[in-house]
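Peer 1: Here the sequence shown stands for residues 11 to 105, where the numbers follow the numbering used here.
Think of the hints as simulated: they come from the structure by calculation, not from any bench.
One or more hints might be untrue.
[As the list claims (entries may be wrong)] Now the in silico label distances, taken between C-beta atoms and shown as ranges:
(1) Thr91 <-> Glu42: 15 to 23 Å
(2) Gly79 <-> Gln31: 16 to 24 Å
(3) Leu74 <-> Ala40: 30 to 38 Å
(4) Ser103 <-> Gly33: 14 to 22 Å
(5) Val55 <-> Lys30: 15 to 23 Å
(6) Trp35 <-> Val101: 13 to 21 Å
(7) Ser67 <-> Arg90: 20 to 28 Å
(8) Ala40 <-> Phe83: 19 to 27 Å
(9) Arg90 <-> Lys30: 22 to 30 Å
(10) Thr32 <-> Phe83: 17 to 25 Å
(11) Lys30 <-> Ala87: 21 to 29 Å
[Unchecked claim] The calculated DMTMM-like cross-link candidates involving lysine to aspartate or glutamate, where the alpha carbons are at most 20 Å apart (straight line), are:
(12) Lys69 <-> Glu42
(13) Lys30 <-> Glu59
(14) Lys66 <-> Glu42
(15) Lys30 <-> Glu78
(16) Lys68 <-> Glu42
(17) Lys69 <-> Asp94
(18) Lys68 <-> Glu78
(19) Lys66 <-> Asp86
(20) Lys30 <-> Glu42
In this text, a Cβ means the ideal position worked out from N, Cα and C, and glycines have one as well.
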Amino acid sequence: MSGTEKPQQANKAKSAKSVKQTGAWLCVHALEQLPVRHTFGIPGVQNTEIYDELNKSKKIEPILVIHEGGGAFMADAISRTSGDVGTLVVVPSAG
Numbered sequence: 011m012s013g014t015e016k017p018q019q020a021n022k023a024k025s026a027k028s029v030k031q032t033g034a035w036l037c038v039h040a041l042e043q044l045p046v047r048h049t050f051g052i053p054g055v056q057n058t059e060i061y062d063e064l065n066k067s068k069k070i071e072p073i074l075v076i077h078e079g080g081g082a083f084m085a086d087a088i089s090r091t092s093g094d095v096g097t098l099v100v101v102p103s104a105g
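With these hints in hand, go ahead and build the complete structure from the sequences.
Peer 2: Laid out in structure tokens, this is it:
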């Protein structure tokens with residue numbers, strides 16, 4: 011091992027520790043780049059991390075609904091009546 015490899019490895023380890031990017035973070039970050047101001051949906055065990063990241067977002071407001079069908083209508087209404095993208099966050103189960 012040469013002396014130049016150790017600093018490079020240390021820099022990689024340092025940068026990996028300083029930024030924690032998860033799939034949920036990436037999902038919310040991508041939505042923030044689009045004209046999305048609201049998401050509609052029901053949190054569940056499969057999407058809890060997404061809702062954790064949505065709660066941290068200053069650009070997107072998560073709106074909880076009782077039924078996915080109602081959330082779909084709300085997301086559709088946002089798309090039709092504004093310049094925003096209607097977004098529905100659901101869990102992969104019957105409902």
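Peer 1: Output the numbers, in ascending order, of every earlier hint that fails for this structure.
Peer 2: 2, 3, 9, 10, 11, 15, 18 and 19
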